[in-house]
Amino acid sequence: MDQRELVGRAKRGDHDAFAALVDPALARLDAAARLILRDPELARDAVQEALIRAWRDLPGLREPDRFEAWLRRLTVNACLDLARRRRRRPIEVELTPIDSPAPSDLSGALADRELVDSALRRLDPGHRAVVAMYYLLGMPLPEVASSLGIPIGTAKSRLHYALAAMRLAVTTEPDPAPAPVPGGQVA
Amino acid sequence: MTTGSRFDRQLPAMLEDLYVGPSPDYRDDVLAAATVKRQRPAWTFPGRWLPMADIADRPAFAPHAPWRTIGVALVLIALLVAAAVIYVGTRPVKVPPPFGPARNGGIVFAAGGDIFIGDPVSGSSRPLVTGPEMDGNPLFSRDGTRVAFMRQVGAPATPAFDLIVANADGSGTKVLAKKLDTDDPYEWSPDGSYLVFTDTEFRLYRIDATGTTTPQLLDEHAYVQPGEFRPPDGGQILYEPQAVGATGSQGGHALWVMNSDGSGKRPMVEVPRERARDGDFGSVRYSPDGTMIAFLQAPAAGTDELRIFIMNADGTGLRPLTTETGLWTETDLAWSPDSKQIAFDRWHQNPASGSWEIQPIGVASIAGGKVRSIGPTPVSDGAWFDFSPDGTALVSIPGTILSESYPATRVQPTTIDIATGKTRTLDWQVGSTLTWQRLAL
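Protein sequence lines, in the order shown, are assigned to chains V and B.
The numbering of the first sequence is our numbering, which starts it at -12 and goes up by one.
The numbering of the second sequence is our numbering, which starts it at 209 and goes up by one.
Here chain V stands alone, though its shape is the one from the complex (with noise of 0.2 Å):
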């Protein structure tokens, strides 16, 4: 059965159709949602909300091939205004075990990912919201842009940031604890 016929199907109450739309994209939301809110009970809450208002609003959604990109717009909004009505309390995110095999230099992709995550750890949500649509959500820039309601090159700023953030903090020799130097730059 293709998209547009679940999509159909679901639109007409049939929570099965539903299910198998949503369940591909599932795990990638969790991942979204969790790189954006750094608490796992809060992405469950926001993903729980996009499908809320998935289900809800689906009889109104009129290109049925545009349900995962709608999807995912759903989900990373409800990232962001969680964040907002939790803006002062503190979230700290669960890292997701690997079951993986570990690439040969483990101790280097460990720390990398380390740092990557701390470098995240001190974006802001609507950064972070960039960084998760873009990479983890595979969302081309414009759709970046669209779905925050910002212009394509504020996007493009927030990412660029997010990525000299998360580089600088790879790069950045020696770890963890550089040594400050004068004129306030790290050796």
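For the record, the hints were derived by calculation from the structure and aren't laboratory data.
No residue lacks a Cβ here, since even glycine has one placed at the ideal position from N, Cα and C.
Wrong hints could be hidden among the right ones.
Result set (SDA-like, lysine to any residue): computed pairs, CA atoms no more than 20 Å apart in a straight line [unchecked claim]:
| no. | chain 1 | residue 1 | chain 2 | residue 2 |
| --- | --- | --- | --- | --- |
| 1 | B | 245 | V | -1 |
| 2 | B | 245 | V | 7 |
| 3 | B | 302 | B | 291 |
| 4 | B | 245 | V | 31 |
| 5 | B | 245 | V | 48 |
Label pairs and their in silico Cβ distance ranges [as the list claims (entries may be wrong)]:
| no. | chain 1 | residue 1 | chain 2 | residue 2 | range |
| --- | --- | --- | --- | --- | --- |
| 6 | B | 377 | V | -9 | 46 to 52 Å |
| 7 | V | 56 | B | 377 | 49 to 55 Å |
| 8 | B | 637 | V | -1 | 30 to 36 Å |
| 9 | B | 221 | V | -10 | 25 to 31 Å |
Go by the hints and put chain B onto chain V.
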């Protein structure tokens, strides 16, 4: 290759490792939580415009006859009946016109599957239609003499709805249509002789208000919202065609008009596919004087904006209602009864964070588009509201409860004075939109 470019190449895999796992273990729970909700028809937008109306009624609160003694009562009854027959036979019942300012009557709402009517002046309320059935979504006829509502029938997992009409005092219930597949949207014709209803497949029906004839299919691919009958007689109905190929809107969004018998279908506004955005025509309403149309549309040059546009009823003179700078999303429009103002929900995009921030309800003057805020800031999903028949106040509830037909959560409505912004909370527990009865001036 530089360290930086190598990092850029590795980043997607790194993020995958960091965040992407198997399907989350809450999968079944969130799907169940989502699909237990009722679905809404199309043309809705983040949350909220609903079947509702600026309609009103006011039950008569007729006193019972004072039976004191059988003998005296018989004589009095005979006299009263004779007088009533003479009165009714010689004088028409005074009802308000279907559009324009009217006197405020009672406010009808649903809660817990029953229909209630409240007096916004005294603050009291009483049941109107009660029983084991799940009744909701009430709507007054525009002359305030009858209330239509939807009764859920069938299993909760596969709900169907009967459309029922009752007199304004709750008596004389009659089923007009059975086993409809959704409970909204529907709307009374201005003269109260019929209602229009759109099912989830976007089939548009005309349903006779006497319940004596079979519903007539007006269009197989149309959607009619409250406010789309052209005042004063409803001779024309605005609608949003859904089958794009068949109607000629070619994949975009469109606003068409038809005669009330389904003939004479023609386009009013068409938005090509490349400019079409969610929310276009999400709310469309004729002004009560029938001279203008207000509707929602994404501006051509906007990002995620949604603005209210107004035009003359013949489609000329299209222009945005408001002239505020910055990025705005405006929704849920309601005309004042005198056609001089429009109230609406609005969100402003914070230029620093990019987030949309809810603002108090805006009221814009048609002449000039100047906006002023009234009342408190609603919840993030906005508010549902409507003008009182006399145009002096809004009655409002949080928009969040309106995603379900029979919400477990109930809210207290507030009235907001249009002139002063002063609010008053009514001591009613409401689980639906409200419909305000219109009375003759």
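Inset, instruction - Could you grab the alpha-carbon distance between residue 245 of chain B and residue 48 of chain V and see if it respects the 20 Å cut-off? - result: 17 Å, holds
Legend entry - Agreement of residue 245 of chain B and residue -1 of chain V with the hint, judged by alpha carbon distance not exceeding 20 Å: Holds, because 13 Å separates the two Cα atoms, which is no more than 20 Å.
Legend entry - Hint consistency between residue 245 of chain B and residue 7 of chain V [alpha-carbon to alpha-carbon, up to 20 Å]: 18 Å, holds
Inset, instruction - Kindly confirm whether 25 to 31 Å is satisfied by the beta carbon distance between residue 221 of chain B and residue -10 of chain V. - result: Distance hint for residue 221 of chain B, residue -10 of chain V holds at roughly 27 Å.
Legend entry - Outcome of range test on Cβ distance (residue 56 of chain V, residue 377 of chain B; 49 to 55 Å): Distance hint for residue 56 of chain V, residue 377 of chain B holds at roughly 51 Å.
Legend entry - Outcome of range test on Cβ distance (residue 377 of chain B, residue -9 of chain V; 46 to 52 Å): With Cβ atoms ~49 Å apart, the hint holds.
Inset, instruction - Verify the proposed pairing of residue 245 of chain B with residue 31 of chain V, using a straight-line Cα cut of 20 Å. - result: Judged against 20 Å, a Cα distance of about 18 Å means the pair holds.
Legend entry - Pairwise beta carbon distance, residue 637 of chain B to residue -1 of chain V, judged against the given window 30 to 36 Å: With Cβ atoms ~33 Å apart, the hint holds.
Inset, instruction - For the pair supplied as a hint, residue 302 of chain B and residue 291 of chain B, confirm whether the alpha-carbon distance does not exceed 20 Å. - result: 18 Å, holds
Of the hints listed earlier, there is not a single one the structure fails to meet.
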